[in-house]
Amino acid sequence: MTATRLAAGLGILGTLTLGLATDHNNVDAGRPLRFDDASSIAFGERAIEWGVTGNLGRGRNNSAVGALEFKYGFAKNQDLGIAWHPQYAGANQRFSAGELEFTHFRQIQREINSSPALAYRMKIGVPMERGESGVELGMRGILSTTLRQYDKIHFNLDATLATEPEPGERDLAWGLLVGYSNPLGAPTQFDKTLVAQFGFEQSRRAGEGWFSTVGVGLRQQVAEQAVFDFGLEADLWSGSSSRRRGVRITLGYSMGF
Amino acid sequence: MFYKPGPYNWSIRNVPQFAADMYGTGVGHGIAYEALVTGQADKLEGPIYDSIVKVLKNPPRLPIDEGAILPTFKRRYGELEKVFDWAHTLHFQTIGVLAHRGWTDAQKEAEIERIWQFYSEQPYAITGLPLNMEVLDGYSYSGAFRTKYPKVNGLFWGYHWLQTANYDMLYRTPVETHGPQYQVVGERYRETELFNTEREFMPMTGELSPRFAKRFPEIANSFDNLHMLHDNVNDILATNELTEVQKKQQIRIAIWRVLATTHQGETAGEGEANSLHDHRYPFGMPGMGWMKGATESEMYMSGMGWMNMEECGHCSIRLPSGDEWGATVSANGWTMMVRCMLCARDMASETIGKAIIRAATEDPKQTLVLISDELGNWTSNLPEIVFLEVKADHPECNDWSKVFTSRRAFDAYIAENPDYKDAQPIALSEWQTRNEGTPETYRRINRPSPYQRNGEVGP
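Protein chains in written order, with the working numbering: chain C, 4 to 260; chain X, 2 to 460.
Calculated directly from the structure, the hints in this document are not laboratory data. Using N, Cα and C, we set each Cβ at its ideal position, and we do this for glycine too. Among the hints, a few may not be true.
[To be verified] Computed cross-link-like contacts, EDC-like style, restricted to lysine to aspartate or glutamate with a CA-CA straight-line distance of at most 16 Å:
#1 X/K5 - C/E227
#2 X/K366 - X/E110
#3 C/K79 - X/E122
#4 X/K249 - X/E80
#5 X/K366 - X/E177
#6 X/K152 - X/D51
#7 X/K366 - X/D324
#8 X/K149 - X/E199
#9 C/K79 - X/E80
[To be verified] Here are a few chain C residues that sit away from chain X, every Cβ distance over 10 Å (derived from the structure):
#10 I51
#11 S66
#12 G128
#13 P130
Chain C with its partners taken away, still in its complex shape:
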């Protein structure tokens, strides 16, 4: 056997990664926190993820955002998604059709020895309400790396561009999320993952500064290809107290098939 034949035989393997199927240890944005890890869903997998995030504001300022997303692993290490985010505003007791979001996720590099896994996610958000115009373009760079043995840290750098911002809104906003995931229960029941998040985000309102958030959650495997998630998120501090939001509670469910 020559080195060339070996390289040819194994070369193709080096370019491919088995994507994780729907699994408690494969963290997606919104399920339950807002950060992603640098893994796509598996090639050929279809997944449905749904959930709701309630914003427990004071008085009648409660609001909720739903999420119903379909993902498809259309290529190795890549997936496409379409998500609908209907909204409810407690202040005026009004439902709105919210936004339709199209996403493309791609893992660029898997984690090898001490080199981190790298990925990006692009999104296009289209408003569903009559009279609203413009789209929201988002780009997220993702870096995931192992901390100790099982736990990982995930850095998400976000840039969001609104093509037709509302008056008083900035067109480009930046954000940084630092996520943490730690599968629990080793070695007997490896069926849940603790997730936590710390984030800095630029306010969408022009003139307002940055605010930070903190969140914690759990992803519990409930069937071979199904995960239930629960998360809490709150603002830690904000540049403008008038913008301070209530605690957000997220419940969700993901299933692959």
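Assemble chain X onto chain C, guided by the hints.
Chain X alone, transformed into the frame defined by chain C:
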């Protein structure tokens, strides 16, 4: 890669204890590999062995993402983890089809063919050709793991025993028998096979599920080649002869040896003898690679001694084929093919403990599954079975020793075969009390075990 979609996926949970034990094998593999690459090899036979056994005794109720259990191993040997993961997917999908309720045997077999196609089209698929096991287990590092870590190696071979023994339990047997059968198989796995450190070679699919291996030789071979890859990797990681860089290189070579792409264009039954491309197989068993010391007709099975895969394990007469394929006997951790019901019963009675007989009836769509307790009391999945047993010469034993699904079927056979016009149908309660002992035709092959030194004769 995601598995082939289908309604059968995860039907393994129809037998919950079997599913849990199979999920536990993944954890067991993962913990050991992670220990080997995180500087804990010296604890492998002590506290890590204990922690693995703890998991195996309390296995997870859901499948475990192996990548989460062996993160360090995965970062270091990512391509190997992919090959393992994809082959384990083949395990679970084929089991899922066989355990699925509501499909006919023909539908299941057709889907398994499609799954094999789906699996083998991927670049990290393991070849379905038989490989020479002596060659693959003949490198300078071979045997290092089983010598250094015999208890953990026993666990690995125990997992591979379960992963191969289950197929004849599921193949063409009614799904309602899978649970009762697994009570016997699972007990054997949990109480004996996991802790067996006497086995001379890894379990082979054709050895433990001969019917499945004959029907799906490529899948059986790919499982054996996968398990040999596990052994190679274990030995490479355990040996003191190699540096870390050399180990990484040797693992890549070990992967390359078993990949389907490495053997593209080659044919089962052909190839240069005693080489990597030796694809010979024993007569009568295309689902098994060439074993150490084998001849064209004889091979050595750990725990059973020398066998001829074309012959009945009880009377040494050539096995029948087609719809009247005879029966298999599973007992004491082995599974043997036999020609007739008498051979099945008497072979089972030679062993201590529980046994399973799976047998052809006059109806190709109805497989009889008999399960015995320790005292030799048999229970049947077919309530109205009757037996024919008119003892004559063994070369015709599959004519005079048969089982029928009903008295009516028995009468029809007698009507077609006037030689047996005086025969009376025998009920299970009477049949199980009979024993004709060892047939005159039985031929024991007395040759030393190829795995033992000093010319010791095998069991």
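Right, here's what the structure says about each hint:
Between the alpha carbons of X/K5 and C/E227 the distance comes to roughly 15 Å, so the proposed pair stays at or under 16 Å and holds. A threshold of 16 Å between alpha carbons decides the hint, and for X/K366 with X/E110 the separation of about 13 Å falls inside it, so the pair holds. For a cut-off of 16 Å, the pair hint linking C/K79 to X/E122 stands: about 14 Å separates their Cα positions. The suggested pairing of X/K249 with X/E80 holds, with an alpha-carbon distance near 11 Å, which does not exceed 16 Å.
Note on X/K366 and X/E177: the hinted pairing holds, with a Cα-Cα distance of about 14 Å set against a maximum of 16 Å. At roughly 10 Å between alpha-carbon atoms, X/K152 and X/D51 fall within 16 Å of each other, so this suggested pair holds. About 9 Å separates the Cα atoms of X/K366 and X/D324, which keeps this hinted pair within 16 Å; it holds. Distance hint between X/K149 and X/E199 is fulfilled; the C-alpha atoms sit about 14 Å from each other, no more than 16 Å.
Restraint check: the Cα-Cα separation between C/K79 and X/E80 comes to about 14 Å, which is no more than 16 Å; the hinted pair holds. Against chain X, the non-interface label of C/I51 holds: every CB pair exceeds 10 Å, the least being about 14 Å. The non-interface label for C/S66 is consistent with chain X: the shortest C-beta to C-beta separation is roughly 35 Å, beyond 10 Å. In this structure C/G128 is separated from chain X by more than 10 Å, as the shortest Cβ-Cβ distance comes to about 27 Å.
Against chain X, the non-interface label of C/P130 holds: every CB pair exceeds 10 Å, the least being about 33 Å.
Taken one by one, the earlier hints all hold for this structure without exception.
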